[in-house]
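**Student:** Sequence:
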Amino acid sequence: MTLQEKLATACRILAMQGHNDMIYGHVSALTDTPGQYWIKGSGLGLEEVTEDDLVLIDFDGNTLAGKRKRHNEFPIHSEVYRANPEIRCVIHTHPTYSTIIASSEHRLLPITNLSCAFYPPALNKFEESSDLIVTAEQGSAVAKLLGEHKIVLLRNHGIVVAGTSIEEACIRSVLLEHSAKTQVTAASMGAFSWASDADALLKRKRIYRPDAMINLWEYYVRMLKKHENKS
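Under my numbering, residue 495 is the last one in the sequence shown; the count climbs by one each step, no gaps.
Source of the hints: derived by calculation from the structure; they are not laboratory data.
Ideal Cβ placement from N, Cα and C applies to all residues, glycine included.
There could be a bad hint or two in this list.
[To be verified] When the alpha-carbon atoms are kept at most 27 Å apart in a straight line, the in silico DSS-like pairs for lysine-lysine are as follows:
id: 1; residue 1: 389; residue 2: 467
id: 2; residue 1: 490; residue 2: 270
id: 3; residue 1: 445; residue 2: 414
id: 4; residue 1: 331; residue 2: 489
id: 5; residue 1: 389; residue 2: 445
id: 6; residue 1: 270; residue 2: 489
id: 7; residue 1: 389; residue 2: 469
id: 8; residue 1: 489; residue 2: 445
id: 9; residue 1: 467; residue 2: 414
id: 10; residue 1: 408; residue 2: 469
id: 11; residue 1: 494; residue 2: 467
id: 12; residue 1: 445; residue 2: 494
id: 13; residue 1: 414; residue 2: 331
id: 14; residue 1: 469; residue 2: 494
id: 15; residue 1: 270; residue 2: 494
id: 16; residue 1: 270; residue 2: 414
id: 17; residue 1: 490; residue 2: 445
id: 18; residue 1: 445; residue 2: 467
id: 19; residue 1: 270; residue 2: 331
id: 20; residue 1: 469; residue 2: 489
id: 21; residue 1: 414; residue 2: 469
[Stated by the list, open to error] With beta-carbon atoms standing in for the labels, derived distance ranges:
id: 22; residue 1: 297; residue 2: 336; range: 21 to 27 Å
id: 23; residue 1: 482; residue 2: 452; range: 30 to 36 Å
id: 24; residue 1: 408; residue 2: 297; range: 43 to 49 Å
id: 25; residue 1: 453; residue 2: 388; range: 34 to 40 Å
Sequences and hints are given; from them, build the entire structure.
**Tutor:** If you want it as structure tokens, here you go:
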């Protein structure tokens, strides 16, 4: 796949896995040209994105290529890239269960093997505002909270996930929402248990190897093809 094809595929995988929110949310990938990245264009849902719907912009939000308008929240992407040279992909979506966790007093806890990827330590939360993140200052504040997991929960808003590749960022976003859904469901039944820090760290090391991320990406690419062939 080309970079643009892979980025569009990631958008559709995210939609298939509960990250779609009408025409909102955006995913970007850094190019090999310094200071430039492709990002989903505005006005369409994640499930609709093809490579023709991507926009090439610079860190200041100037459009360099593409037929669609860029999203107003581009500072999230630009400031994460500025602050983290190793990051190649940034995702901002509004998945239901992750947003519930973000908007509560609770942490995302390791109650399943999947959720051991995200605790310990606890994911950071951005609580300055629940409004759109449209300034460099706001984007920088989010970037500073990425922490070890390269994830920020946005109170009453959504999530930001960064990765060293499109595959990594996409799969971690999928696993995050799965984990949040499990915890919200468990909480509806009352008290629940979770893995100790030691167990969670051990399972994380065994399960979330770099090759496992690629295997999961390839699995979701296959599932996406089946899903789209049924539509």
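**Student:** So, against the hints stated earlier in the document, which numbers end up violated here?
**Tutor:** Of the numbered hints given earlier, those the structure breaks are 11, 13, 14, 20, 24 and 25, listed in rising order.
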